[in-house]
Each structure stands twice: as C-alpha cells, then as structure tokens.
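Asks: Listed below are the residues making up each chain.
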Amino acid sequence: MKESALDTNQVFHVSSRIAYRKIGGQIVIVHAGAERMITLNSTGTVIWELLGGKTVEAIARNIAELFEVDFEEALKDTVDFLKMMHERGLVEMKRTDSA
Amino acid sequence: MHQSWLIAGKKVKVKIHNSLFPAAWLNLFSKYKIDGDEQFVADLYLNLVPQEGWINQKKTEEIVFEHQRESAIRRIFIERRDFSGMLEQVESRYQGDLTVNADSDESVTVLVRTCLSFLCEDASALLLHASAVERRGHYWIFCGPSGSGKTTIARALSGGGAAASLDRVVLWADDAGTVWGRSTPFSDGYGLTGPEHTGVVAGILHIEPASEIDLIEMSAGEAFRSLLPQVLAFSREPEKLAHLMDTIGSVSESGLNHRLRFTKDEGFWKEIDRQFEEIQ
Chain A
83 MKESALDTNQ VFHVSSRIAY RKIGGQIVIV HAGAERMITL NSTGTVIWEL LGGKTVEAIA
143 RNIAELFEVD FEEALKDTVD FLKMMHERGL VEMKRTDSA
Chain B
-8 MHQSWLIAGK KVKVKIHNSL FPAAWLNLFS KYKIDGDEQF VADLYLNLVP QEGWINQKKT
52 EEIVFEHQRE SAIRRIFIER RDFSGMLEQV ESRYQGDLTV NADSDESVTV LVRTCLSFLC
112 EDASALLLHA SAVERRGHYW IFCGPSGSGK TTIARALSGG GAAASLDRVV LWADDAGTVW
172 GRSTPFSDGY GLTGPEHTGV VAGILHIEPA SEIDLIEMSA GEAFRSLLPQ VLAFSREPEK
232 LAHLMDTIGS VSESGLNHRL RFTKDEGFWK EIDRQFEEIQ
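In order, the protein sequences belong to chains A and B.
According to the working numbering, the first sequence is numbered sequentially starting from 83.
According to the working numbering, the second sequence is numbered sequentially starting from -8.
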C-alpha cells in the first residue's frame, strides 16, 4: 500500500527520552524535552503496549484480531500511528535481521 | 552556607539551611535589597523543621544556581554533603532556558521555585499551580489554568475557611494512599507560612467557569490529564519524569478529583456539601 512506505518488518521501541504511564486504561506520554503530553486512544494504547519486540506486521495482526478488522486496514492504521509517533520522537526504530 | 552567584547579571546571595522535605517547611524568609544600580542581593532563608522519620539527618544540601551569560544556559547544582563537609555528589538538576527577566525580582523567584520543585521531586511531591482553602481541618484544592478563577475562589471562600494558599500548593500521597496538601512560600506573595498549613486533602476541584454550580466526579485519566499541565517545572530527565508521573497517578487515582463548574455566590459551600453527601 502507498501509505505503507515503512518497512513492516521493522521493530519500534519506546524512546528513552519519554516517560509514560497507563491511567484509566489509556497511555499518557510526556516527552522529557518538549514538556508535551499525548494521550493515546484505545487502539493506540494497544499498539503502544505491543512495542519493543514485535514487527509492525505482527502488531497489525494482533490489532486485526483484537478489533476484528481486516489485516490491510489494521496494517494501515498501525503504520500511520507509528509514523506519527516516530515523527514526534516518541518511538525509535530498530532494524531486525530476520524478515 | 552563604554564597553569591551571578544570575542574569545580578549578584544573588543564597543561604539555605537544611533544605529537605517540603512538609517540614516551617518558615521562609526572603528579603531583597538593591545595592547600587547593578548589584541585586537576595538573601533567602529556608528554615526547616525536620519531621521525625522523614529525612536523613546525615546529609545537607547546597543549591547553586549558575548563569552562563554567553550560552544563556542556567544550571542548578545540588551538592550533597555529609556533616564532615566531604563532597559526595554534585548533580546538575536543570539545564535550559529558565526564562528569567533580568530586570525584575523574577530571577530570584524562579531560582527558589525551581529549587523547591526539585526538593518536591526528590520527595515524590507535586508542586502544583493551584490554590487551597482549609475548611474543617481539611484542604480543598482548586486547580486550573491561569485565569480559571482558582485565586478568586480561594479569596472568596476565605470567610468559610482560611485561604491556605493562593497560587502554589504541594501535594503528595503517603503509603496509605492519603493525599496531603501544603502551602508553599510562594502561596501568598512571599507571605510566611506556618506548620499548621499542612492538611489532609478532602477534594481536588478542577475549575470550569459556568453559570450554575455543578460537581462532577472525574475519572483517574481525566484527573491525570488535568493535573499534569498544572505541575510546575517538571523534570526533563525521563527517569525523574516517570517518577513524577507515578506521583500524579497516585493523586489522580485517589478519588478526590472532581470537575467543579461554579458560579460565585453565597450558596457555594452549601452546594458543595450537598453534592459530596450524594457522592459519599
């Protein structure tokens, strides 16, 4: 898909420059440098909690299963979300050797 | 301990005794004098009375505020020393633009406020942009962005209970989950605050101006998102920031947070009492 220019075999992890806490079922993130608060919705919270080891594709499969949506739709949402988080410096990319 | 530093081109003397847990603040005395046209001298005395079990008597802290004119970087160092004077650790606690107006007393205010926020941070307490009213031995906290009416409401309600603090409140949760509040030296235009200004918090009311009084319980998430922007000078170090977020989380989950839509009139406390009876 056009929107998925991002390598779906990539693994993202939470940036070391942020602090976050799950409260009331939602993740609240504060960037240590920017003094900015970001609250994730339920889908964002699930994706956030899946970060750290799973590839983008694996996360999308989890999302598709959990929210009962098509894989393509879940992949697009996951990619969009991670791109946005990456642009804001909230997640960092970690390349995996295995595809 | 009495040293001088240059802050924004002005000479500032800082003297701090036993700067420890904010709940132990007994007194703050600050005086300023302009010495000639250029020298600005501020003597700050933080006289603290330790509360049993709260502090480590073996250490004292010295706070150094350093201004680098060329880079405009301001740093605050906290030197921890033991009683023999051996330097244990020098720790930079702040780097960045502190936005100080060199032509006003603000530099001193910012210095002390920032130091106090570090002390609060160390003690897992929040230095909150909020006002407080003491009523029937309990603290009622009013918070909200500037202009929301927290100072106005604290002043207006001082007939029904002493206005304990107009602009700055320290909050912390103890191990049992009880939330405590305390006024700060900046509560009332540098007014002295006494040890009686510490109390159990009965409610944290997040102000929303409205035409009718209403009190709505907030979820922990709502409370967290409302409290966090009102925390003054939170840390830029992720680890400390995470700790601070834990503290905000504990206060948010206390069940004390309510959204207060209010209009100022005589029936205010009556309405508050009625609403809380319904809730509890």
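Careful: at least some of the hints might be erroneous.
Claimed, not checked - A few chain A residues facing chain B, derived, Cβ under 7 Å: (1) 99; (2) 101; (3) 106; (4) 110; (5) 112; (6) 114; (7) 119; (8) 122; (9) 176.
Unchecked claim - Keeping only pairs whose Cα atoms sit at most 25 Å apart, straight-line, the calculated DMTMM-like set for lysine to aspartate or glutamate is: (10) A:104 with B:205; (11) A:104 with B:213; (12) A:176 with B:228; (13) A:104 with B:203.
Unchecked claim - To give an idea of the interface, some chain B residues facing chain A are shown, with a C-beta separation under 7 Å as derived from the structure: (14) 147; (15) 190; (16) 191; (17) 193; (18) 210; (19) 212; (20) 215; (21) 232; (22) 236; (23) 240.
Hints were generated in silico from the structure; no laboratory data involved.
Glycine included, C-beta positions come from ideal geometry on N, C-alpha and C.
Asks: If a hint holds in the structure, say so; if it doesn't, say that too.
Replies: Consistency of the hints with the structure:
{"no.": "1", "hint": "99", "in the structure": "holds, 6 Å"}
{"no.": "2", "hint": "101", "in the structure": "holds, 4 Å"}
{"no.": "3", "hint": "106", "in the structure": "holds, 3 Å"}
{"no.": "4", "hint": "110", "in the structure": "holds, 6 Å"}
{"no.": "5", "hint": "112", "in the structure": "holds, 6 Å"}
{"no.": "6", "hint": "114", "in the structure": "holds, 5 Å"}
{"no.": "7", "hint": "119", "in the structure": "holds, 6 Å"}
{"no.": "8", "hint": "122", "in the structure": "violated, 11 Å"}
{"no.": "9", "hint": "176", "in the structure": "violated, 18 Å"}
{"no.": "10", "hint": "A:104 with B:205", "in the structure": "violated, 28 Å"}
{"no.": "11", "hint": "A:104 with B:213", "in the structure": "holds, 12 Å"}
{"no.": "12", "hint": "A:176 with B:228", "in the structure": "holds, 23 Å"}
{"no.": "13", "hint": "A:104 with B:203", "in the structure": "violated, 33 Å"}
{"no.": "14", "hint": "147", "in the structure": "violated, 30 Å"}
{"no.": "15", "hint": "190", "in the structure": "violated, 26 Å"}
{"no.": "16", "hint": "191", "in the structure": "violated, 23 Å"}
{"no.": "17", "hint": "193", "in the structure": "violated, 22 Å"}
{"no.": "18", "hint": "210", "in the structure": "holds, 5 Å"}
{"no.": "19", "hint": "212", "in the structure": "holds, 3 Å"}
{"no.": "20", "hint": "215", "in the structure": "holds, 5 Å"}
{"no.": "21", "hint": "232", "in the structure": "holds, 4 Å"}
{"no.": "22", "hint": "236", "in the structure": "holds, 4 Å"}
{"no.": "23", "hint": "240", "in the structure": "holds, 5 Å"}
Of the hints listed earlier, those the structure fails to meet are numbers 8, 9, 10, 13, 14, 15, 16 and 17, in rising order.
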